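Based on these hints, arrange chain B on the given structure of chain A.
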Amino acid sequence: MSKIHVTTIINGDMAEFLADPRETLLDCLRDHLGRTGSKEGCGTGDCGACSVTLDGVLVCSCLVLGVEVEGHRIETIEGMANGSELHPLQRKFIEHAALQCGFCTPGILVAAKALLERNPDPAEEEVRYWLAGNLCRCTGYTKIVDAVMDAAAEMRGAA
Amino acid sequence: MTIPPADHKRDNMRYHRPTTLEDAVSIAATASGLTRFLAGGTDVLVQMRSGMIIPDDLIDLKGIAGLREITTTAEGGWRIGVTISGAELGSHAGFRRDWPGVVEGMQLIGSTQVQGRATLTGNLCNGSPAADSVPGLVAAGATVEITGPNGAREMPVEEIPVGPGKTSLKTGEIISAITLPPRGDNGGDAYLRFIPRTEMDIAVVGCAVSLRVDGRTITEARVALGAVAPTVLLVREAADAIVGTTLDDDALAALAKAAAAACRPISDKRGTVEFRTDLAGVLARRTARIAYDRAIGVSK
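Protein sequence lines, in the order shown, are assigned to chains A and B. Using the numbering used here, you'd call the opening residue of the first sequence number 1035 and step up by one each time. Using the numbering used here, you'd call the opening residue of the second sequence number 494 and step up by one each time.
With the rest of the complex left out, here is chain A (with noise of 0.2 Å):
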């Protein structure tokens, strides 16, 4: 079958791609939009890695098909920074240095946003219950909690 035409928005822009039925969300990001920060853990939905919002929703864009995003509104780590000025979240991860390979990171960040938008003032558990889904090999995670914590104390008193 010929490739499908697709047209979505991806951190506010509009992108168009051509997908093979086949192709998951993370492909095209990757492959053909040149989106590579959302990164390939397992392909099967268990590490977090390829983390990214569709219409506001946490999904793995390993588990969604390109073709399934047609007027839909993704958004993934490279829309995460104001260009040159880094997410509070980003920043307390380098200061607390939450991160070791970084393979993840992308992923985690994305997760830890979403929460963040839903609930400013998670206790500690449900920073951990929301990102369950995202596996770190490197830290331990109490880092990425740490981190997690300190930038939504500094998003509450900022707003």
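Fair warning: there could be bad hints in the mix.
To be verified - The list that follows gives simulated cross-link-like pairs (lysine to aspartate or glutamate, DMTMM-like), each with its CA atoms no further than 25 Å apart:
id: 1; chain 1: A; residue 1: Lys-1177; chain 2: A; residue 2: Glu-1119
id: 2; chain 1: B; residue 1: Lys-555; chain 2: A; residue 2: Glu-1109
id: 3; chain 1: B; residue 1: Lys-555; chain 2: A; residue 2: Glu-1119
id: 4; chain 1: B; residue 1: Lys-555; chain 2: A; residue 2: Glu-1104
id: 5; chain 1: B; residue 1: Lys-555; chain 2: A; residue 2: Asp-1047
It should be emphasised that the hints constitute simulated quantities derived from the structure, not laboratory data. No experiment lies behind these values; they were computed from the predicted model shown.
Relative to chain A, chain B alone:
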């Protein structure tokens, strides 16, 4: 697992996005190869990736307007459209108040990311004996509305799975909605599963109980068990053990015995036959307590 045939090229899957149920049924009924329906995709995409299932026709149901809603029925029950995600179900206050056990089961599936996509109907049609959302639906007495080439019909949820990965749906048939009966007064339901950690795992055993009380006495009950047989089981003997009681120690012991007696599990890496059988009794007692406390109004 089957290896896809060599002539099955990656580019010959047809993707369909019908806008009416009739069109979806017609595509499915006339398709000659392997057909899959796409709602949340959290099972289908994984199966496609592993090469386990390479559909010739993939029919995306999310373009069909009537399948995206949670509505109340004329009788006071609920109709859940088949493309409603776990996150959408969980954020619906009215449904949650009526059927907390159904919501508990659905929301135990996967991560936050998976909850954004996964659906009740997908979990049911995937046919896993360990499906977390299915015991709650069975205990609730939920039915499915099936639309096919010969019209629509209703079936109890427990009659859909017939074995691991297999359903009783015929070619061209689509589940168009799941219907929950009216909760009514003095009712409560609950779902518990056992896993060796706190999140992101497959049930070793799952148990759902729905019951109604008159004062302190149970007047009706349904008990369902997951992961202890080729399909989710509705265990009438377990319900009979607690109807007419105030869920005292004798009733709980009889419930546990009946639940364990119904088990026909396998031994695998998650648990042995003996462990699963024992666990079914333990979970039945705990789940019944939660449902009972909800029914008599001491908890939510």
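Here is how each hint holds up against the structure:
no.: 1; hint: Lys-1177/A <-> Glu-1119/A; in the structure: 22 Å, holds
no.: 2; hint: Lys-555/B <-> Glu-1109/A; in the structure: 20 Å, holds
no.: 3; hint: Lys-555/B <-> Glu-1119/A; in the structure: 37 Å, violated
no.: 4; hint: Lys-555/B <-> Glu-1104/A; in the structure: 12 Å, holds
no.: 5; hint: Lys-555/B <-> Asp-1047/A; in the structure: 24 Å, holds
In the structure shown, a violation is registered for the earlier hint numbered 3 alone.
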